[in-house]
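Protein chains: 2
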Amino acid sequence: MISITIKNLITDYPDFPKEGIIFKDISPIFQNPEAFKEVVKSMANMPILKKADAIIAIDARGFILGSAISFFLTKPMIFARKPGKLPGDLISKSYNLEYGSNSLYLQKNALKKFESFAIVDDLLATGGTAKCVFEILKDLNKKIEGLSVLIELKELNGRANLKIPVDSLITF
Amino acid sequence: MISITIKNLITDYPDFPKEGIIFKDISPIFQNPEAFKEVVKSMANMPILKKADAIIAIDARGFILGSAISFFLTKPMIFARKPGKLPGDLISKSYNLEYGSNSLYLQKNALKKFESFAIVDDLLATGGTAKCVFEILKDLNKKIEGLSVLIELKELNGRANLKIPVDSLITF
Numbered sequence: 001m002i003s004i005t006i007k008n009l010i011t012d013y014p015d016f017p018k019e020g021i022i023f024k025d026i027s028p029i030f031q032n033p034e035a036f037k038e039v040v041k042s043m044a045n046m047p048i049l050k051k052a053d054a055i056i057a058i059d060a061r062g063f064i065l066g067s068a069i070s071f072f073l074t075k076p077m078i079f080a081r082k083p084g085k086l087p088g089d090l091i092s093k094s095y096n097l098e099y100g101s102n103s104l105y106l107q108k109n110a111l112k113k114f115e116s117f118a119i120v121d122d123l124l125a126t127g128g129t130a131k132c133v134f135e136i137l138k139d140l141n142k143k144i145e146g147l148s149v150l151i152e153l154k155e156l157n158g159r160a161n162l163k164i165p166v167d168s169l170i171t172f
Numbered sequence: 001m002i003s004i005t006i007k008n009l010i011t012d013y014p015d016f017p018k019e020g021i022i023f024k025d026i027s028p029i030f031q032n033p034e035a036f037k038e039v040v041k042s043m044a045n046m047p048i049l050k051k052a053d054a055i056i057a058i059d060a061r062g063f064i065l066g067s068a069i070s071f072f073l074t075k076p077m078i079f080a081r082k083p084g085k086l087p088g089d090l091i092s093k094s095y096n097l098e099y100g101s102n103s104l105y106l107q108k109n110a111l112k113k114f115e116s117f118a119i120v121d122d123l124l125a126t127g128g129t130a131k132c133v134f135e136i137l138k139d140l141n142k143k144i145e146g147l148s149v150l151i152e153l154k155e156l157n158g159r160a161n162l163k164i165p166v167d168s169l170i171t172f
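Line order of the protein sequences matches chains A and B.
Quick note on numbering: the working numbering labels position 66 of the first sequence as 66, and the sequence is numbered without any gaps.
Quick note on numbering: the working numbering labels position 88 of the second sequence as 88, and the sequence is numbered without any gaps.
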């Protein structure tokens, strides 16, 4: 269980980045090192993360959590990035998200090195981003242990949209 | 001193993202947890980072290093982000980079909480990004301890372009 402080640090911004969206700003957590430590250690304890050979961190807020978790767990981390950011031989898929659409790219040589993966991101909304990475891994016959997120927005039902296990620390 | 392994893990991609640019890919470091730990602990030992009240991590590769360093040092971290990413009352400046131009945004309420800052990024090229953050801080009368980077590209002379101290772990 996460302390009540963490939940209170998350700040709502209505109508950002678009009208009708309530943005959950997690920035205040990182301004409070004790809160950040609690989040990282709690997420590192999630079964999905413990089982995986490697972490896939999602561009860009997933990098923030993924990096500290990778450091703390001494686990390899690879990156799922937006277009134009990663060099080399890439694999990609496009996806729809809560607002708009985008695509994610991973390096083939990075995926080749490991067998099972945990996806790390800040927030599970409709699940489009994680589903995109899941489908890339499925095409490569890789094992996906699941998705580990700090925040799950229950109302958007992303968990049902994904066909993989989900560990979330905080629900709204 | 950093071990020779770290330098060897960094992979050159010529003509990425544009012709004439040799992209230094640091992804292999994060696929090797021992190498990642060595990088984080070595950067955390930099005088600039030790002196600062808070870390400013630059979108997006700066997040990866900044996050693990913030976790390891138990220091607050705030984010300098590309347009459209941060909610709330923001302060911004535009800058020129090695290829193209962009602007960075920071949250005013985050900057208000701390007095002195260390900028963390993966790479110092011409120094445009760090200079942009430095100018934002100067306008707010905040103290900037300097810039901490993993890689410094000596030829591009970014250090001379910046008027702040620079700590780099690896030079090319």
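It should be emphasised that the hints constitute simulated quantities derived from the structure, not laboratory data.
One or more of the hints may lead you astray.
[Claimed, not checked] 35 Å max Cα-Cα, derived DSBU-like pairs, lysine-lysine:
(1) B:Lys82 - A:Lys113
(2) A:Lys142 - B:Lys41
(3) A:Lys112 - B:Lys112
(4) A:Lys41 - B:Lys112
(5) B:Lys51 - B:Lys37
(6) B:Lys41 - A:Lys37
(7) A:Lys24 - B:Lys142
(8) A:Lys138 - B:Lys7
(9) B:Lys50 - A:Lys138
[What the hints assert, rightly or not] Examples of chain B residues lying across from chain A (beta carbon under 10 Å, computed):
(10) Ile4
(11) Lys7
(12) Leu9
(13) Thr11
(14) Phe16
(15) Gly20
(16) Asp25
(17) Gly66
(18) Ser70
(19) Pro76
(20) Lys85
(21) Tyr95
(22) Leu153
(23) Phe172
[As the list claims (entries may be wrong)] Ranges of calculated distance between the beta carbons of each label pair, as one might list FRET restraints:
(24) B:Gly20 - A:Lys163: 28 to 34 Å
(25) A:Asp89 - B:Lys163: 23 to 29 Å
(26) A:Leu156 - B:Lys108: 41 to 47 Å
(27) A:Thr11 - B:Asp25: 31 to 37 Å
(28) B:Gly88 - A:Gly100: 41 to 47 Å
(29) A:Lys112 - B:Gly20: 17 to 23 Å
(30) A:Gly20 - B:Ile4: 52 to 58 Å
(31) A:Asn102 - B:Gly20: 24 to 30 Å
If you're wondering where the values come from, they're calculated on a predicted model, not measured in any experiment.
Built from N, CA and C at the ideal position, the CB exists for glycine as well.
Minimum beta-carbon distance criterion (10 Å), B:Lys7 to chain A:
violated (18 Å)
Can the restraint linking A:Lys138 and B:Lys7 be considered satisfied, given a maximum Cα separation of 35 Å?
holds (33 Å)
Outcome of range test on Cβ distance (A:Leu156, B:Lys108; 41 to 47 Å):
Since the Cβ atoms of A:Leu156 and B:Lys108 sit about 30 Å apart, the hinted range of 41 to 47 Å is violated.
Check the following: the C-beta atoms of A:Asp89 and B:Lys163 are separated by a distance inside 23 to 29 Å.
At 41 Å between Cβs, range violated.
B:Lys85 as an interface hint toward chain A, with CB separation required under 10 Å
Constraint on B:Lys85 satisfied, holds at 8 Å.
Quickly compare the C-alpha distance for B:Lys82 and A:Lys113 to 35 Å and report which way the hint goes.
Holds - the C-alpha atoms of A:Lys113 and B:Lys82 are around 31 Å apart, at most 35 Å.
Using the nearest Cβ pair, does B:Gly20 come within less than 10 Å of chain A?
violated (14 Å)
Okay, A:Gly20 versus B:Ile4 on CB: inside 52 to 58 Å?
holds (53 Å)
Going straight from one Cα to the other, do A:Lys142 and B:Lys41 come out at no more than 35 Å?
holds (32 Å)
Verify the interface restraint on B:Pro76: the C-beta must sit less than 10 Å from at least one C-beta of chain A.
This interface hint holds because 5 Å falls under the 10 Å limit.
Against chain A, with CB atoms and a cut of 10 Å, does the hint on B:Asp25 hold up?
Holds, about 5 Å.
Evaluate the given range 31 to 37 Å for the C-beta pair formed by A:Thr11 and B:Asp25.
holds (35 Å)
Hint compliance for this structure: hints 3, 9, 10, 11, 12, 15, 21, 22, 23, 24, 25, 26, 28, 29 are not met, and every other hint is.
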